[in-house]
Amino acid sequence: MTRVASGFVAALVAITALLVLLALATAVRKAMRESRDRRHARVEAAVRPALLSYLAEDEPDPHELDEVVQGRAAGRSLQELAAGLLTKLRGEDRRVLERLLDAQGVLDQARRRTRRPGPVGRARAADLLGAAGYEAALPELTRLLRDRDPDVRAAAARALGKLAVPSAVPALLGSLDARRAVPAGVVTMAILHIGPEAAAPLADGLSLDHSGTARAISAELLGRLGGFQAAGRLIEALGSDPEERVRAAAARALGRIGVPRSVPPLEAALMQDASASVKQAAAWALGELGGTRGFAGLTAALRSPDHALARRAADALVSCGPLGVALLQRTAATDEPGSPEARETLGRLEPAAA
Amino acid sequence: MARILVVDDDADIRDMLSFKLAKAGYEVHTEEDGETGLAAARELQPDLILLDWMMPRLTGPEVCRQLRDEEATARVPVILLTAKAQEADVQRGFATGADDYIAKPFSPRELMSRVQALLARSG
Chain A
1 MTRVASGFVA
11 ALVAITALLV
21 LLALATAVRK
31 AMRESRDRRH
41 ARVEAAVRPA
51 LLSYLAEDEP
61 DPHELDEVVQ
71 GRAAGRSLQE
81 LAAGLLTKLR
91 GEDRRVLERL
101 LDAQGVLDQA
111 RRRTRRPGPV
121 GRARAADLLG
131 AAGYEAALPE
141 LTRLLRDRDP
151 DVRAAAARAL
161 GKLAVPSAVP
171 ALLGSLDARR
181 AVPAGVVTMA
191 ILHIGPEAAA
201 PLADGLSLDH
211 SGTARAISAE
221 LLGRLGGFQA
231 AGRLIEALGS
241 DPEERVRAAA
251 ARALGRIGVP
261 RSVPPLEAAL
271 MQDASASVKQ
281 AAAWALGELG
291 GTRGFAGLTA
301 ALRSPDHALA
311 RRAADALVSC
321 GPLGVALLQR
331 TAATDEPGSP
341 EARETLGRLE
351 PAAA
Chain B
1001 MARILVVDDD
1011 ADIRDMLSFK
1021 LAKAGYEVHT
1031 EEDGETGLAA
1041 ARELQPDLIL
1051 LDWMMPRLTG
1061 PEVCRQLRDE
1071 EATARVPVIL
1081 LTAKAQEADV
1091 QRGFATGADD
1101 YIAKPFSPRE
1111 LMSRVQALLA
1121 RSG
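Sequences listed follow chains A and B, in order.
The numbering of the first sequence is the working numbering, which starts it at 1 and goes up by one.
The numbering of the second sequence is the working numbering, which starts it at 1001 and goes up by one.
Isolated chain B (complex conformation) (with noise of 0.2 Å):
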């Protein structure tokens, strides 16, 4: 069973994630802020993590950037969920590290099926 990490601030989000993940036969563990969402995927060393962009203490690059940079976790993939949607932000966002991006308002179904496409590929 895939393990996956979800860091958002906003507990709708993080619910609706959980309920549509756990659902979908995922282990899921959530997180509320960068900084806590940092250590549990140190911790937890999950297959994925889906990370807001927008959030206190550590936003969503600053944590994808550090777990890049660290061996353990430097090849866990990572979808970016935000509400920038400008070219310029998804590239920054890429250019953090992070394997995927979704603009919100999002579709939790077309998540769902980019969760299941990298998780495929990453194996």
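Excised from the complex, chain A in its bound form (with noise of 0.2 Å):
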């Protein structure tokens, strides 16, 4: 009995040393947190307003804050600061303040934290390179769309959007096939954000080296992006590629680029080719192009058996202009085939019209 109530008074004892033990520790964590919290905001309370003065000046010198951002922390806050103002400015203003980051080295130093081991710290580093529209990081941004957090990988391609520089449009191309994939939602605004200077390598896109995702993403950021340089790449690509949602995707893009000589090849697709969803495509098209040369085609769709293909066909009629609303005032007179999706499309247009 006594050796069973001294080893109850013995578990006692361990257990209350191991709860002070746990308290003692959280009250250590925590005061730590408070003084490196406190640290920051002394060391951001000298940053914050000698960074904003430094900015409303007309031409000031990079090094002018070289007193203020001394040692790591100071460094940190600099580069905190900076990367939440480059996103809301433009103009000379921006550039000064990408001026001083990269006099303050914060830049440089950003370059090298892309390699830090969590990933918190590579996805900022990324953000702040694309904010700043580092150029020189474009390796490092390029290396970190193959990283192996799927956050820090978005934020290198979001990164190499606002650098802009068409450059890296390949690279992000190859990271929709990677095994560790970017989302192509993030790819598609990332290349969209370099503008219509990624033409050129978005046709080379096109090429059947790339995936069927890498293909139909480039043809639909052609027709997105104007390139009409394109053209006859996207023609060559609606006639032969094998899948059909590149097919359908370069359908679209010719239709938006609105180049005259792509009429034939659609009306071809519209008539011959085997996917549905690529027939509906060139119709849609024909109707952006508009005028009467796509009429053979847009009027053998709209009697097709295929109601989904005959109402795009109709739809696009309207959009082809007066004549193509007269075609189908004619067709819904009477009861041939095309005829029910002609007056379904004219019963759209009445309410508009009123």
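Derived from the structure by calculation, the hints contain no laboratory data.
Bear in mind the structure is a predicted one, so any value in this text is a computation, not a measurement.
Careful, some of the hints might be misleading.
In the DMTMM-like style, the derived pairs of lysine to aspartate or glutamate whose C-alpha atoms are separated by at most 20 Å in a straight line are [to be verified]:
hint, chain 1, residue 1, chain 2, residue 2
1, B, Lys1023, A, Glu64
2, A, Lys88, A, Asp58
3, A, Lys88, B, Glu1110
4, B, Lys1023, B, Asp1047
5, B, Lys1023, A, Glu57
A few chain B residues that don't get close to chain A, going by computed Cβ distances all over 12 Å [to be verified]:
hint, residue
6, Ala1002
7, His1029
8, Asp1033
9, Thr1036
10, Ala1040
11, Arg1057
12, Glu1062
13, Gln1066
14, Ala1072
15, Lys1084
16, Leu1119
17, Arg1121
Positions of the beta carbon are idealized from the N, C-alpha and C atoms, including for glycine.
Hints are included, so try docking the two chains, each in its own frame, into the full complex.
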């Protein structure tokens, strides 16, 4: 009985000691965190007004802040403040801030931070390099597209978009098919951010060396960015790409770009392609091109037993203008194939016209 | 010395504009939401107001509309600052009575030119 009691007391003492140790460890961690936060706030209180005052000047000297930004803590504070400000500025003040970051070595630090063990540090470094438009960091950001962390890969893709250099396009397209892929939406937005200069590398993205996803996105983006120089490549993709999503994207792109020589291949796709989605995309594109050049194909598509295609052809004929509407009205007055779709489309037009 | 009221819930923008405007010789007051911004406009009678669109409590256009409805503030020049840069947004901004419109991200130098021009016109 005495042995049991002494064993119980020993266990109680051990548990109490453990609880005291845990409480102490928690208190020490809390105190350390509070001390770090206070230090951070102190450093920021010195760096922030100096940075804002610097930005308020017309032609500031990038080394003006050398005295304030001393030590790692101040450098990190400047990096955080500048990263926030960069996204809110444009014009000369933005360039002033970029020059300051460069002169203070913050951007080179960020390049090194792309190799930090923690994903948050790598993602933040990518964000800053992108926001600063620091082209010298292209290799680091390209490397981060294959990072093991998905958030870092997405941050790198967004940052490459912000650099706005067309040479980033192949790596962005390649990241769609990698084992550690970047989501298509992120890649698409990044390339759109690069703008019309992305058209040339996007045209190369139509090559069969790339995956179907990369080819389809290349085609879609060429349409959005108005890559008229790539019309020939898009026509080729429309006629010969093995994947229907690529042919459909090429058809939509040709409709958006509006090059007249794309009418015959679009009509051919409308009449002969085996895929319903490609036929529908071709019908829409012919409507976007307007005029009467695609009438023969659209009239045939209006009579198609495929209701969705006939509807798309009817809508496209409306987009072609008064002659297209007249053709729909004539068809609607009959019992021929296509007349229900013609009536349906005209019915939708009437309330709008009213 | 012209008095300018900056109303924006983004501390970075508020502080940056404060420094820039003060450096240019203006008297600057700041507020961080629409409601306190409106109260400050009534009390301070500023010569110009820089007004963010998206703010807690009262949005920029709502503040602008109320300013225009009150005799004391009806003619104070207002510049709307906003990330909403679509054509319809710009139209909506002007419809509330704003005198000018700056899309974010913005150029502080361009904004300063617009402030000077508006103040010179409202003289």
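Each hint, compared with the structure:
no.	hint	result
1	Lys1023(B) to Glu64(A)	holds (17 Å)
2	Lys88(A) to Asp58(A)	holds (18 Å)
3	Lys88(A) to Glu1110(B)	holds (14 Å)
4	Lys1023(B) to Asp1047(B)	holds (17 Å)
5	Lys1023(B) to Glu57(A)	holds (8 Å)
6	Ala1002	holds (17 Å)
7	His1029	holds (17 Å)
8	Asp1033	holds (18 Å)
9	Thr1036	holds (22 Å)
10	Ala1040	holds (21 Å)
11	Arg1057	holds (22 Å)
12	Glu1062	holds (23 Å)
13	Gln1066	holds (27 Å)
14	Ala1072	holds (31 Å)
15	Lys1084	holds (15 Å)
16	Leu1119	holds (18 Å)
17	Arg1121	holds (23 Å)
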